[in-house]
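These are the residues of each chain, in order.
There are 8 protein chains.
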Amino acid sequence: MKKVAIIMGSDSDLPVVEKAINKLKALQVPCEAHVFSAHRTPNAAADFAKTAKENGFGVIISAAGKAAHLGGVLAAYTTLPIIGLPIKSSTMDGLDSLLSTVQMPSGVPVATVAIDGAENAAILAAQMLALSDDALAQRLSDMRAAMTAAVLEKDEALQKKLQA
Amino acid sequence: MKKVAIIMGSDSDLPVVEKAINKLKALQVPCEAHVFSAHRTPNAAADFAKTAKENGFGVIISAAGKAAHLGGVLAAYTTLPIIGLPIKSSTMDGLDSLLSTVQMPSGVPVATVAIDGAENAAILAAQMLALSDDALAQRLSDMRAAMTAAVLEKDEALQKKLQA
Amino acid sequence: MKKVAIIMGSDSDLPVVEKAINKLKALQVPCEAHVFSAHRTPNAAADFAKTAKENGFGVIISAAGKAAHLGGVLAAYTTLPIIGLPIKSSTMDGLDSLLSTVQMPSGVPVATVAIDGAENAAILAAQMLALSDDALAQRLSDMRAAMTAAVLEKDEALQKKLQA
Amino acid sequence: MKKVAIIMGSDSDLPVVEKAINKLKALQVPCEAHVFSAHRTPNAAADFAKTAKENGFGVIISAAGKAAHLGGVLAAYTTLPIIGLPIKSSTMDGLDSLLSTVQMPSGVPVATVAIDGAENAAILAAQMLALSDDALAQRLSDMRAAMTAAVLEKDEALQKKLQA
Amino acid sequence: MKKVAIIMGSDSDLPVVEKAINKLKALQVPCEAHVFSAHRTPNAAADFAKTAKENGFGVIISAAGKAAHLGGVLAAYTTLPIIGLPIKSSTMDGLDSLLSTVQMPSGVPVATVAIDGAENAAILAAQMLALSDDALAQRLSDMRAAMTAAVLEKDEALQKKLQA
Amino acid sequence: MKKVAIIMGSDSDLPVVEKAINKLKALQVPCEAHVFSAHRTPNAAADFAKTAKENGFGVIISAAGKAAHLGGVLAAYTTLPIIGLPIKSSTMDGLDSLLSTVQMPSGVPVATVAIDGAENAAILAAQMLALSDDALAQRLSDMRAAMTAAVLEKDEALQKKLQA
Amino acid sequence: MKKVAIIMGSDSDLPVVEKAINKLKALQVPCEAHVFSAHRTPNAAADFAKTAKENGFGVIISAAGKAAHLGGVLAAYTTLPIIGLPIKSSTMDGLDSLLSTVQMPSGVPVATVAIDGAENAAILAAQMLALSDDALAQRLSDMRAAMTAAVLEKDEALQKKLQA
Amino acid sequence: MKKVAIIMGSDSDLPVVEKAINKLKALQVPCEAHVFSAHRTPNAAADFAKTAKENGFGVIISAAGKAAHLGGVLAAYTTLPIIGLPIKSSTMDGLDSLLSTVQMPSGVPVATVAIDGAENAAILAAQMLALSDDALAQRLSDMRAAMTAAVLEKDEALQKKLQA
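Chains A, B, C, D, E, F, G and H are the protein sequences, given in the same order. Residue numbers for the first sequence follow my numbering, so the first one is 1 and each next one is one higher. Residue numbers for the second sequence follow my numbering, so the first one is 1 and each next one is one higher. Residue numbers for the third sequence follow my numbering, so the first one is 1 and each next one is one higher. Residue numbers for the fourth sequence follow my numbering, so the first one is 1 and each next one is one higher. Residue numbers for the fifth sequence follow my numbering, so the first one is 1 and each next one is one higher. Residue numbers for the sixth sequence follow my numbering, so the first one is 1 and each next one is one higher. Residue numbers for the seventh sequence follow my numbering, so the first one is 1 and each next one is one higher. Residue numbers for the eighth sequence follow my numbering, so the first one is 1 and each next one is one higher.
I should point out that these hints are in silico values taken from the structure, not numbers from a laboratory. Possibly wrong hints are sitting among the right ones.
To be verified - Estimated spans, in silico, between C-beta atoms of each pair:
1) Lys160(H) / Thr51(A): 17 to 25 angstroms
2) Ser90(D) / Pro15(B): 23 to 31 angstroms
3) Ser12(C) / Ala150(G): 58 to 66 angstroms
4) Lys50(B) / Asn22(C): 35 to 43 angstroms
As the list claims (entries may be wrong) - DSBU-like, lysine-lysine: derived pairs with alpha carbons at most 35 angstroms apart:
5) Lys19(H) / Lys2(H)
6) Lys19(G) / Lys3(H)
7) Lys154(D) / Lys19(B)
8) Lys154(C) / Lys161(E)
9) Lys53(C) / Lys19(C)
10) Lys50(D) / Lys3(E)
11) Lys161(B) / Lys53(A)
12) Lys88(G) / Lys50(H)
13) Lys88(C) / Lys19(E)
14) Lys50(D) / Lys161(C)
15) Lys25(G) / Lys2(G)
16) Lys50(D) / Lys25(C)
17) Lys53(C) / Lys2(D)
Said to hold, decoys possible - One side of the interface only, derived from the structure: several residues of chain D facing chain C at Cβ under 10 angstroms:
18) Asn55
19) Thr79
20) Gly84
21) Val102
22) Met104
23) Ser106
24) Leu140
We put the CB at the ideal spot given by N, CA and C, even for glycine.
Bound conformation, chain A alone (with noise of 0.2 angstroms):
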């Protein structure tokens, strides 16, 4: 199976972040997380996208906060997709990294998730790679019936402690 490939913007994004790897591990979809800076490290960035696909991975995703360039950085180098995932910083409440992220101009698009939605991250590329991956596709059809029935369960939970 093509990997996913998890680079946040700085080490800070981990906490975060690692929610994404862990949903990914529970998903049985091989991943590496790196710490690339769009800005501190250019070329480790660029070259990680360059051959990202001769690396066997298929979905990038891109964590990074503020002025979030480092989707947008990796999709100028490569035509894989590419997530991306807006971190919630210490100012504007993240307003400043959803747009950064999302706002791409015409040609060059990055997958946004929301505001530290890491988990959906790690579900949206394991979408994509579940297209030529049946197995892959039952387990993620077996995650969501998983997530329904939690659903109600904790509805009939309601119900009792409502009637007590």
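Put chains B, C, D, E, F, G and H on the given structure of chain A with help from the hints.
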């Protein structure tokens, strides 16, 4: 090849959506377009999503404005990747469409592109399908190379203009 | 009397929603509360809305955060009035929840109250039911009079405090 | 049947408000419209609200822009449900009108619809009255079914257009 | 001297409002403070405004949060200058309070100060009264001179700290 | 009577500012208008503020857009009340002008009116001067009464229109 | 003298950028302008930045809209000062361009000017170069004096107009 | 070498500003810091700016929050480059500070860095001075190389952590 579906919440979205249709045609990706509203035709939208995979679709683009629930509604009924295309409407400059589309809760992602970013929605869909289609991947690379060349030509034209 | 349903998208919304439950109890309006997610349990949400009228419900309060589609999804399957209660989540200070709830397209309204405004959601539901229930209308008037008296008492207490 | 009142803060709001009047007529809901300003004619606004119930009104729609206090002022003098219709003005794209209308403090709700969402204000008023009027409830269901059919017809038209 | 009235919409605003009371005391401007809600005690608020002038008040400070209608409601019943003090509440970071207060329609101004800017509300009130009170004008000038001196002292302290 | 000064940061603000001039004339309040920029003519702005009181001015209206520093700059050199009139410019819909004007730090208030709210700036200035001018206070009351009558006439006209 | 480079992300930015070119010409600062996209021609942009210093450039102005990554991309490859000029595009009123440009992470600054503030970008570049060029510093002082005079002339013209 | 001045509007800004002082020290750039308020000590601020050049300063960093006029006030009295450092205050999450600083009118630029971006303000100042100081330019290059190395080390550490 798997098809791309483009679902728009209103036929007033067609002028924006047509750019996605044309881009998919240029990339030789088969697509279908439909007008299904999350609120006015919820059953049609749900049925489309439930049967999309078996009907040969690989990716669904959802175009909607204001409180743009269509992407989320489609995503609720399938684990195919959903691309959310927020449409700018007459108030709030598209911020409502963007936030309604991108801020999905954990478990059910919508891959969001820029407000009115129809071409990028199409390219992103093609990038996903290209994960298992080398010929399409090549067409994406060629399209990117053409874009690069076009910018460089514009730079040359600018140099001539400035020296004139 | 017709019942009020309170549907919350996640059980994490319960601390806010409980204020609505308590206010409805104080107004002697029968209510039920459920955890149904627009995205994780779309069928349960749709089924609830479709059968709400025949099951004796008159008004549905929908509590959800982030890309809050729950109100719109419920409204799509019934013509009972839907009250949207936007829940503040960890990013965007509730603006995403508010816009996702209130900016509904023409034809399918969601009656939106303030972010985290659970008590007002309950009072609004009661006001709707009181249109055909004079006793409830009287209880609403009494509650308003008590609120007025409470403010005037606070003003008196302030006068004493300032003169001390 | 109880009547719906539409109070607008300025006669410049009439082009938006007229859509609400027309929708109520289409639903055969009797309505009256007035120009009363919360700030320029506070007594007229207060008097209207105080006597609305005894004068046969069941619901009041309040249309106002900028610092839109009208909904709150009317709500302060009655426990009838007040529907707030924020009007987009020449600055701030309607955000001021929306927040001034929807963010009501606990105890005095205003049921807010989308910015310039006049049709939805009318439909919401009808939904409230329909709680005790089965014929009106049926007309709302019929209107919804017609909306559904209209979207499906537009989808058919789109299919023909795309295949042409 | 004419008195300043400080009306707050809720006694929860008192911690902010107290700074205005203290500043007025420091400037030897007589003031009264009241808790009157635009929505819960509309008659008390209106009556206060109607009789403020004859009761010896020259300026009214209105402190309120969220959909802050209090300033507008007071302004509707008097032509005395109204100072609007937007209070930051638990959501929206005070933007709702600010826009609800400042964006008044033509004809009925509210002189708005910064969010939670209680001291400035007091100083502004004193500046208005000082237009016909030279002693108060002098106290304002003295207060300004003291502020200037305090900043220059802080600069001196900083120089010592940096050289240490 | 003390005069009102209207300082605008650019002569491009004149179309908005003229409404303030006309309203002051209608209220028989003497006024002067000047173009002084906080950034291009800081000395002229500072000198005007420093000598405003001795030159017979009671109130200064400051009209400026974008990073609107003019109000603060004038306020720094006088303790006369400064009214800030935020002007909407070509970007940001006036939000930059509003926040730059209203969010003054403690000690130096600027009494802010709505974006482009020139008439209210004039009325507010008159209200301040009327604190010690009963004839002007009467003209303000008359103007308010005329506004009230105008709204009621518009309501009557609407009734005729709707019944026609 | 060191040259100023103006890099724009798209030739559609030229109408705004031309004001910077003209202002630099007026200040006799040599400049070159190029169309290089951060996303479509990342190598050209990177190469330009890497060699800018040795090619005689002292300052780079980066003009870009939407998710404006160009300034950050150029800054990543040089320690020359980068001036970010956010361009207003068709949605979000320039807020996306501004935040994408200004909110740079620690270590790699972009000196940001106002949205569409092309003249200021040019003046700022000249101010930087004038640190070691007294003649240019004098031309900047002269330009400022001319601006001051122009405002004072406009004030005189206004006085004549108002007295007419 | 020319010195850098750091002017802060309040000594409460010192915890943020200290990062700029430390960064300038690390780059061996001489600097002075002062507390001068645009509104409380306008003369001190103006005098500092007027004489900054002759006193050996090359660049001025202006740190201020809320309605942050300090950068513009300093810029009005000098043609030295002014760097604006918007400080996040207790409301509005720094948006007011940012817009008040960056949206300067044409003719008088303020080079704005990120909200609370004190280190970048210092680096930007050094970059300007390095235009005519090769040794400083080298120190900036070295600092950048160290930053790059630090990120790559963090990536290596992450690889070890993930493999453990």
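How about Val102(D): closest beta carbon in chain C under 10 angstroms, or not? holds, 6 angstroms
Is Lys50(D) close enough to Lys161(C), meaning Cα to Cα at most 35 angstroms? Cα-Cα ~34 angstroms, so holds.
Need the status of pair Lys88(C), Lys19(E): alpha-carbon distance at most 35 angstroms? Distance of about 29 angstroms is within 35 angstroms: holds.
Agreement of Lys50(D) and Lys25(C) with the hint, judged by alpha carbon distance not exceeding 35 angstroms: holds, 27 angstroms
Below or equal to 35 angstroms on CA atoms is what counts here, so check Lys19(G) against Lys3(H). holds, 32 angstroms
Agreement of Lys53(C) and Lys2(D) with the hint, judged by alpha carbon distance not exceeding 35 angstroms: holds, 21 angstroms
Do the numbers back the hint for Leu140(D), that is, is its least Cβ distance to chain C under 10 angstroms? Holds - the Cβ of Leu140(D) comes within 10 angstroms of chain C, reaching about 4 angstroms at its closest.
Between the beta carbons of Lys50(B) and Asn22(C), is the distance compatible with 35 to 43 angstroms? holds, 39 angstroms
Are the Cα atoms of Lys50(D) and Lys3(E) separated by 35 angstroms or less? holds, 32 angstroms
For the pair we were handed, Lys88(G) and Lys50(H), check the Cα-Cα distance against 35 angstroms. holds, 34 angstroms
With the threshold set at 35 angstroms, check whether the alpha-carbon distance from Lys161(B) to Lys53(A) stays at or below it. violated, 39 angstroms
Can we keep the Met104(D) interface hint, with Cβ of chain C closer than 10 angstroms? Result: holds, 6 angstroms to nearest chain C Cβ.
The earlier numbered hints that this structure contradicts are 8, 11 and 18.
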